[in-house]
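Undergrad: My request is simple: use the sequences and hints to build the entire structure.
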Amino acid sequence: MSEVELWIALILGIMMLSSAVLALVVKNHLAAVAAASVVSLGLALLFALMRAPDVAMTEAAVGAGLSSLILALALRRLGLWQIDSGSENSNLLSASSKGKDDA
Amino acid sequence: MIPGVTLELILYVTALGLVIIGLAGVVLSSHLFRMVLALVIAEAGANLMLVLSGYRWDAVAPILMQRAEQPAMVDPVPQAMVLTAIVIGVGIQALAVSILIRIRQRYGNLKRREVAEKMDAEIAASAGIRRDISQDAPLGERPLSPLPAHTAESRGGDA
Amino acid sequence: MTLTLLEIVALGLLGAAVLLSLLRLILGPTTPDRVVAADTLAVITTSGLVILAALLGSPLYLDVALIYGTLAFVGVVAIARTIEGNG
Amino acid sequence: MRNLTGLLFAGGLGFMLLAIASGIDFGTPPMRIGEAIQSASPQEVGAANIVTSVVLGYRGIDTLGELAILFAAASAAGLVLGRRHTTTGTQRKGGFVLFHGGALIFPFLLTIGFYIIFHGHLTPGGGFQGGVILAAAFFLPLLARPGARLHHSILSVIEAFAGASFILIGLAALAEGQAFLQPMLNQDTLGSLISAGTLPLLYIAVGLKVGAELASLLSNLAQTESEQ
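Chains as they are written, first to last, in our numbering: chain A, 1 to 103; chain B, 1 to 159; chain C, 1 to 87; chain D, 1 to 228.
No lab work stands behind these hints: they were computed from the structure. Take the hints with a grain of salt, since some may be wrong.
So, partial list: chain D residues that the calculated Cβ filter (under 7 angstroms) puts toward chain B [said to hold, decoys possible]:
#1 Gln38
#2 Ile50
#3 Glu66
With the Cβ distance kept under 8 angstroms, some of the chain A side facing chain D (calculated, not the full set) [as the list claims (entries may be wrong)]:
#4 Pro53
#5 Val62
#6 Leu73
Cβ pair distances, simulated, as ranges [said to hold, decoys possible]:
#7 D/His151 with B/Arg102: 18 to 26 angstroms
#8 D/Gly11 with B/Arg106: 32 to 40 angstroms
#9 C/Ser58 with B/Tyr107: 49 to 57 angstroms
#10 C/Asp33 with B/Gln105: 30 to 38 angstroms
#11 D/Leu171 with B/Gly128: 46 to 54 angstroms
#12 D/Val97 with C/Ser58: 29 to 37 angstroms
By construction, the Cβ of each residue, glycine as well, lies at the ideal position given by its N, Cα and C atoms.
TA: Rendered as structure tokens:
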């Protein structure tokens, strides 16, 4: 059992960490919201693995449903919903390269 | 199985990695919306960390079932705390998002640097002072407290 | 605890599915690709929760899968409406 | 330069957290309070779900504070967003699948939400999760029909009654000579639907309050989208 738990945790850890990085570096905001929802999805499964079904259920309800609902509505109101948003693109590491942002 | 890799290590690395990625995102991101996402990720890592502190080997969920003998249960107190933290987290997230909407309405942009500049200019204007000290990171040598004679010169240089 | 062959196969398939969807999430050239990959991951996670309930031998985790399945639908609908834009 | 310092900060913080985490024993028996609660909870509170008995029985005031925080966050978001009477509904209506799928799934969401709330003391779940599901159920038609809107007055009435009844149940325990929010009434057999005294009532109040707050928050966020 512990062997199985280890493999599940390993796959979930890889999934969560890579999508957390993706949520911060991907250019499109909607894709970032999708990646952040993947983080909380893996978190819910990990909570269930840790014998915390209450917390897993809360995380599932809040992280999968409500959080992406709030963020998606906010993106629509912020006007950042475009699939190919030209001027609103932002990257995590573009803070210092000011010319690229202003272009 | 890879030697040396235990369940404990994987879980702690995941939780700490989420916290670190989130905080690095808060520090490094140039867009305010990404800051909110980074905060959400950091909060996820912190919640995982709390739940891990209540884990127990070979235990069952803290819910009494109709069983003959009651096996060991994990600690219910951290789970109750995380339950509270998640719900509060979503409230804070909604508040942050609505503040972002107001910022966007007011300044027309969400880039951290531009919003900060506009906000500084507005504060300086409403306070009636000149905004002659650079708000950016220090570039090279600059006098610690600019003398009145030098300020005019440096402002002219900046403009 | 020993796993039956069925459980091993199911877990292996789920792991492979997670990794493949993750690949599409990371590589996905366009945003709809990524959104669909996230939705696929939600479905895979729901079935993973069901298998976890079988592994842990407790029906309590089925409730979590139920909630996850219903609310992932709502979240994906919201993101899809956002992709449609203001029309 | 700024990136470098940021990464340095994150790395140092990670090292510090790792140093703290390496001191925590993983997988050991719970803390003393956890063990005490596990052994005393079935007799004292009578809820099969021990997390519920911690959330509502032992730490009920924390839950009240949490509700207050959520209320403050929701009302502050409404205040910040402001301006209710802006236009909505320039967005296209939803497609066939969304429209009828939303109408079909609505009763299911309602049933699941109330099931989760009512069984909060028996199975995982409770007021918060069920409230989130109720909010999602009432918000889903708004996604399909952008012109529709929720009645804020009804929502605030529900929210006010739920919050008041939560406090009233707590005060009733005080009037009985017990501690604030201490579960009362007959605790009945462990594991049946009507057990655990007033905990299910408290969870119903929490669920309605959370659901109403989140629904009004979501509809606040969804409005005024055509402003820009």
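Undergrad: Range hint 32 to 40 angstroms: satisfied by the CB atoms of D/Gly11 and B/Arg106?
TA: holds (36 angstroms)
Undergrad: Could you say whether the range 29 to 37 angstroms given as a hint is met by the Cβ separation of D/Val97 and C/Ser58?
TA: holds (35 angstroms)
Undergrad: Mind checking the CB of D/Gln38 against every CB in chain B and telling me if the closest is under 7 angstroms?
TA: This hint holds: D/Gln38 lies near chain B, its Cβ roughly 6 angstroms from the closest one there, short of 7 angstroms.
Undergrad: Regarding the hint that A/Leu73 lies at the interface with chain D, is the smallest CB-CB distance below 8 angstroms?
TA: holds (4 angstroms)
Undergrad: Between the beta carbons of D/His151 and B/Arg102, is the distance compatible with 18 to 26 angstroms?
TA: Between D/His151 and B/Arg102, where Cβ atoms are some 25 angstroms apart, the hint holds.
Undergrad: At a threshold of 8 angstroms, is the proposed contact between A/Pro53 and chain D supported by beta-carbon distances?
TA: holds (4 angstroms)
Undergrad: With 8 angstroms as the cut and Cβ atoms as the points, is A/Val62 at the interface with chain D?
TA: holds (6 angstroms)
Undergrad: Regarding C/Ser58 and B/Tyr107, is the given constraint of 49 to 57 angstroms on their beta-carbon distance met?
TA: Hint holds: Cβ distance 52 angstroms, inside 49 to 57 angstroms.
Undergrad: Does the hinted range 30 to 38 angstroms hold for C/Asp33 and B/Gln105 at CB?
TA: holds (32 angstroms)
Undergrad: Taking 46 to 54 angstroms as the hint, is the beta-carbon distance of D/Leu171 and B/Gly128 inside that range?
TA: Cβ of D/Leu171 to Cβ of B/Gly128: about 52 angstroms, so the range 46 to 54 angstroms holds.
Undergrad: Report holds or violated for the interface hint on D/Ile50, using the least CB-CB distance to chain B and a cut-off of 7 angstroms.
TA: holds (4 angstroms)
Undergrad: When the nearest CB of chain B is found for D/Glu66, is that gap smaller than 7 angstroms?
TA: holds (5 angstroms)
Hint compliance for this structure: every hint is met.
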